[in-house]
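Undergrad: In case you want the letters, here they are:
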Amino acid sequence: MADFAGKIANTAKKILVSVGKNNKPIYTVMAIATANGIFKPISSLTDKKEKPEARKYAALREFATECVAVPTYWSCGVGAAALGAKLFKDNPEKKAMARANMMFLGVCIAAFLVIPAVCSGALWLLDEALGKHKSTQNAPSKLDITSKGPDVQVHTDIETKFSGNIYRPNMNTFINKGGLKI
Amino acid sequence: MIPPILTNPTIYNITQTTQAQVAIETGLKAIGRPGFILLDNSIDKNTKKYSSMKEFLYQLTCLGISLGVVIPIFKKGSFAIARKMFKDEAVFNVFKKSDDFNKFRKLSQDEKISKLGEINSANGKNYKLEDLDENLAKGMIEITSIAGSILGLSILSPLISRPFIRPVLKTFGFGEPKQQPSKQEPAKVDLKA
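Quick note, the sequences are listed as chains A and B, same order. Under our numbering, the first sequence has 144 at position 144, and the numbering climbs by one with no breaks. Under our numbering, the second sequence has 60 at position 60, and the numbering climbs by one with no breaks.
Hints are not guaranteed to be accurate.
As the list claims (entries may be wrong) - Simulated pairs of lysine-lysine, PhoX-like, Cα-Cα distance not exceeding 20 Å:
{"no.": "1", "chain 1": "B", "residue 1": "97", "chain 2": "B", "residue 2": "112"}
{"no.": "2", "chain 1": "B", "residue 1": "97", "chain 2": "B", "residue 2": "84"}
{"no.": "3", "chain 1": "A", "residue 1": "14", "chain 2": "B", "residue 2": "87"}
{"no.": "4", "chain 1": "A", "residue 1": "13", "chain 2": "B", "residue 2": "97"}
{"no.": "5", "chain 1": "B", "residue 1": "54", "chain 2": "A", "residue 2": "51"}
{"no.": "6", "chain 1": "B", "residue 1": "54", "chain 2": "B", "residue 2": "87"}
{"no.": "7", "chain 1": "B", "residue 1": "45", "chain 2": "A", "residue 2": "21"}
{"no.": "8", "chain 1": "B", "residue 1": "112", "chain 2": "A", "residue 2": "21"}
{"no.": "9", "chain 1": "B", "residue 1": "106", "chain 2": "A", "residue 2": "21"}
{"no.": "10", "chain 1": "B", "residue 1": "125", "chain 2": "B", "residue 2": "97"}
{"no.": "11", "chain 1": "B", "residue 1": "87", "chain 2": "B", "residue 2": "106"}
{"no.": "12", "chain 1": "B", "residue 1": "96", "chain 2": "B", "residue 2": "76"}
{"no.": "13", "chain 1": "A", "residue 1": "49", "chain 2": "B", "residue 2": "54"}
{"no.": "14", "chain 1": "A", "residue 1": "21", "chain 2": "A", "residue 2": "94"}
{"no.": "15", "chain 1": "B", "residue 1": "128", "chain 2": "B", "residue 2": "103"}
{"no.": "16", "chain 1": "A", "residue 1": "14", "chain 2": "B", "residue 2": "45"}
{"no.": "17", "chain 1": "B", "residue 1": "87", "chain 2": "A", "residue 2": "13"}
{"no.": "18", "chain 1": "B", "residue 1": "49", "chain 2": "B", "residue 2": "128"}
{"no.": "19", "chain 1": "B", "residue 1": "170", "chain 2": "B", "residue 2": "45"}
{"no.": "20", "chain 1": "B", "residue 1": "103", "chain 2": "B", "residue 2": "76"}
{"no.": "21", "chain 1": "B", "residue 1": "54", "chain 2": "A", "residue 2": "48"}
{"no.": "22", "chain 1": "B", "residue 1": "96", "chain 2": "B", "residue 2": "112"}
{"no.": "23", "chain 1": "B", "residue 1": "112", "chain 2": "A", "residue 2": "13"}
{"no.": "24", "chain 1": "A", "residue 1": "7", "chain 2": "B", "residue 2": "87"}
{"no.": "25", "chain 1": "B", "residue 1": "96", "chain 2": "A", "residue 2": "13"}
{"no.": "26", "chain 1": "B", "residue 1": "84", "chain 2": "A", "residue 2": "7"}
{"no.": "27", "chain 1": "B", "residue 1": "76", "chain 2": "B", "residue 2": "49"}
Read the hints as simulated data drawn from the structure, not as lab findings.
Just chain A, with the same shape it has in the complex (with noise of 0.2 Å):
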């Protein structure tokens, strides 16, 4: 028992010190984001002001927002940050300060810029899956009886041909008129 808590306090050591020495923007944002990502959703679900239905639909998008920020945070961050060791690699006293400082402006940029825009399509494409927006445009439409409508040709006169010496019995001889058939 004693030496696996000794493991556990190495273990713990040596994440300390890793963090102690380069403290790298993208494991705070991305701790932070995945904590939200559980946190967020749950508290909107345990709201009781809201419907049931806004509730479920406030975690879902807030989940899908945390889950679009954290691979978008790592891939800025470290992007950025290969950009910056690119761009001083003959200089490798600066190329340490530039790999951290442009890790710092990637994760900026894509809090400020990245992820609302990436969530913006995001979400409207989870609107859509769940159908929020055919509510608002196949909604029919108010029934318009007061237009005038296409003038329909109605034909009251009705002549009777001579169509040859062809026996055409008058059907309504046999039409239900009620009474006595014969």
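We have chain A already, so just place chain B on it with the hints.
TA: Chain B in isolation, oriented as in the chain A frame:
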């Protein structure tokens, strides 16, 4: 030409601090997210204003709670926890508070030696500069700040902001947008025609 800001040591020091990272990132979110809501053309004007203001206030609440309350408490407690976890570590025995360590870390090498001498003579100990694992102490401060940020931003802020934001929005004249009547309701028949 590569901008000198990329290799600026002051910016480097800022980027290495969790508190600064959280403050800048949340500040950018407070501008960026409401901005994108305002740019969205698929929402009506009132809903846009209300949603963007709500998001802005939410991010401000996050910032206030994290930076003003949670992170300072966690920072203060970090060395107390570390002293229990790492009993033999000199750095946690020399410095009782994280603020004392942060001040010490900013000193030059000579100043550090003379400061450590003062602390040793006051405590009756004989620690050398090599005994102090500064990275471990700094890592402890940053990790507890990250934990504090998570608690503040993800758990406390949604709970605190919920009853607080709606009255504030009402006070500033941002009433909750009224829901338009559903378009799928049966249409009224114009009997006058």
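Undergrad: Taking each numbered hint in turn, which are not upheld by the structure, reported in ascending numerical order?
TA: 6, 7, 11, 16, 18, 23, 27
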